[in-house]
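Engineer: The primary structure of each chain is shown beneath.
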Amino acid sequence: MRVLVIEDDAEVAAYILKSLSEAGHIGTHADNGKDGLVMATSDDYDALVVDRMLPGPDGLTIIRTLRASDDHTPALILSALGDVDDRVKGLKAGGDDYLVKPFAAAELMARLEALTRRGGGGATAETELHVADLEMDLLSRTVRRAGQPIELQPREFRLLEYLMRNAGSVVTRTMLLENVWDYHFDPQTNVIDVHISRLRSKIDKPFDDALLHTVRGAGYRLQA
Amino acid sequence: MTRRLPSFVRTTAFRLTLLSAALFALSSFLILAFVYAASAGAALRRTDAVINDELAAVERRYDESGIDGVNRYILQRTVGGSDFLYLLINPNGRLLSGNLNGIPEASVGEGGWLDFVYGRAPADGDVEDRDSRRARARLVEIGDGYSVFIGIDIDDEDRLIGRMLRAILAASALVIALGIASGVVVSRRFSRRLDAINTVARTVKGGDLTRRAPRNGSGDELDELSANFNAMLDRLEELMHRMRNVGDSIAHDLRSPLTRMRNRMEDALREDGDRRSRQAALEQALVDSDELLGVFNAILSISRIEAGERKDSFETFDPSPLVADMGELYEPVCEDTGHSFGMQTEPGFTIRGDKSLVSQAMANMLDNAVKYTPPGGAIQLRLRQCSDGRVEISVTDTGPGIPEADRVRVTQRFVRLEESRNQPGSGLGLSLVKAIADIHGASLDLAEGAGGVDGHGPGLRIALVFPLVEEKA
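Residue numbers (this note's numbering), protein chains in the order written: chain E, -15 to 208; chain C, 83 to 555.
The hints are simulated quantities; they were obtained by calculation from the structure and are not laboratory data. As the structure is a computational prediction, the values presented were derived from the model and not from experiment. Take these hints with a grain of salt, some might be off.
What the hints assert, rightly or not - List of simulated lysine-lysine pairs, DSS-like, C-alpha gap at most 25 Å:
#1 C:Lys393 - E:Lys76
#2 E:Lys85 - E:Lys2
#3 E:Lys76 - E:Lys18
#4 E:Lys2 - E:Lys18
#5 E:Lys73 - E:Lys18
#6 E:Lys85 - E:Lys73
#7 C:Lys437 - E:Lys76
#8 C:Lys393 - C:Lys453
#9 C:Lys437 - E:Lys73
#10 E:Lys85 - E:Lys18
#11 C:Lys393 - E:Lys73
#12 C:Lys437 - E:Lys85
Sequences are here, hints too, so could you generate the full structure?
Structural biologist: Here it is as structure tokens:
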């Protein structure tokens, strides 16, 4: 995917561009708000990574301007400010996700992939999700694997739904905490790991092939 | 005009005393002036009344026995010396009788009144001798062109009034002088005491936080100022002390992971060849740095919460779904670590605050319980209403608990009881809960838990008690 990185800190920008190219994506860099806005409007990108504080128009202004001109390229806001209020402001301005510096490359990549996926087929209302022999019916809220019904708690259902919607990509613990539980802080204990292992015991354990994989140092991936 | 005045003159106390002295002098002057006007006026009126009475007597004599009677009367009255001054004047202006040499040269006013100065005959040596004495008289025509002049010597009275006036002026001057003198004294005393406080302030500014302003125990406003000033210094010293402690704690808590990380990287560099161990060292360094970032983020969060920025986003809500969600998040964690988990919650209560912060506080309380309760113990999350109507969210565990003496201390930043130093964590969990409690006006109560399990205990009960929500009209 083509990603425009608008970031004035040269080191952070280099780190992001390197991570992008390692993951097989094409990154383009703008080191100030003005150039960034011009590039964002004149070229097509699959996603934007926008630093909040920039020389020239700041990150939120850029996103607001793009949204006003009906450009809905998924945008991820980077910020040194980690408060929930800042997050809310960022999302209100039209940002799709918010990541606080410093961040791990894996986190950024996972979020970008989730964003572009959302921008793609996620808009149409699906009623069924499939990953290998795992099926989820969103209307009757039932899950089956290899034809066998699997009983899930409501939260486990939402957890699996999120993993299935992002099947094939890495999702981080923070992403799960934010999207499945709507918590924007990090509990010190490994709450997510415990929930994942519970889910795993239900959807993987009775079967031969594991679908829910742990990605070391990053998070989890649901994949055949 | 830039000449510097003596220092006490510039003090507020001196100026105030001077002002009050001036006001006092003015008011006493006015009172004395009133007294003067009243007494001098009364004396004058009395003089006039006496003269009029005597005049009436003379006119009566004239009506009874004509001008000769009057002449006789005046002779009789003046023979042995008299308080009155008489003159009887015929139509030609000649003096017929009287004890004055002639009509004094003074302008006659309305009603025949005149004030004048006369020379008293040396014969009247019994009174104070003077060449010229002041007198007041009335010149009236009594009939057939005859005029009578009746006066009274008012020199003594006049001089008495003069003395009174001088006394009044002298007294006013004295009042002003005393006022200034007392101003000097008071302001010196006052500024000496203020100077003492100022000196302490300067010393403290210079870095010596142990100095305190002197108190004289009188409880007056300066004493109170000293007391408040000292209380402020106590608070300042405590804060400085705490800051130093925090600094030490940060150093303590950050030094070990930093040192660990450094050593690991150094080893990785030195060890030749083995890629796998180098990889492991780097991964561990990453874990260490994440831990460090966690500490910094926690410090940042606490500072931001303490700054109170979030108060704008407060809302009134039922906490039961929040509690249920958090219980659901932690139940598997507790079971995974070998604890039994219980939750008690009911809907219908309201609290006012920030949902995300309240959730975070619960998460920290539960984290704490999971971390410190030995496997096999029990952890309970509970939402209830206290008997006084306040809503309480509590977490009770069967861990070692916190000794009563340490309960206040553990909510301070970075305080970790020695026993738990080897446990992972920033030592900021409870400080964050405390900061969240504070911004909500809630109290954070720590008490003994339900009791021990398997020889552990007595457990800890940590409760966030929210203030009553004021019903909006």
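Engineer: Each of the hints needs a verdict: does it hold here or not?
Structural biologist: Hints versus structure:
Between Lys393 of chain C and Lys76 of chain E, the direct Cα distance comes to roughly 19 Å. Compliance with the 25 Å bound is thereby established for this hinted pair. Note on Lys85 of chain E and Lys2 of chain E: the hinted pairing holds, with a Cα-Cα distance of about 17 Å set against a maximum of 25 Å. At most 25 Å may separate the alpha-carbon atoms for a hinted pair to count; Lys76 of chain E and Lys18 of chain E meet this at roughly 21 Å. For the suggested pair Lys2 of chain E and Lys18 of chain E, the alpha carbons sit about 23 Å apart, so the restraint of at most 25 Å is met.
A threshold of 25 Å between alpha carbons decides the hint, and for Lys73 of chain E with Lys18 of chain E the separation of about 21 Å falls inside it, so the pair holds. Between Lys85 of chain E and Lys73 of chain E the alpha-carbon distance is near 17 Å, which keeps this suggested pair within the 25 Å criterion. The hinted pair formed by Lys437 of chain C and Lys76 of chain E meets the criterion: a straight-line CA distance of about 19 Å does not exceed 25 Å. About 30 Å separates the Cα atoms of Lys393 of chain C and Lys453 of chain C, which puts this hinted pair outside 25 Å; it is violated.
This hinted pair checks out: Lys437 of chain C and Lys73 of chain E have alpha carbons roughly 17 Å apart, not beyond 25 Å. For the hint pairing Lys85 of chain E with Lys18 of chain E, the CA-to-CA distance comes to about 22 Å; that is within 25 Å, so the pair holds. In summary, the hint linking Lys393 of chain C to Lys73 of chain E is supported, as the alpha carbons are separated by about 16 Å, within the 25 Å threshold. Between the alpha carbons of Lys437 of chain C and Lys85 of chain E the distance comes to roughly 24 Å, so the proposed pair stays at or under 25 Å and holds.
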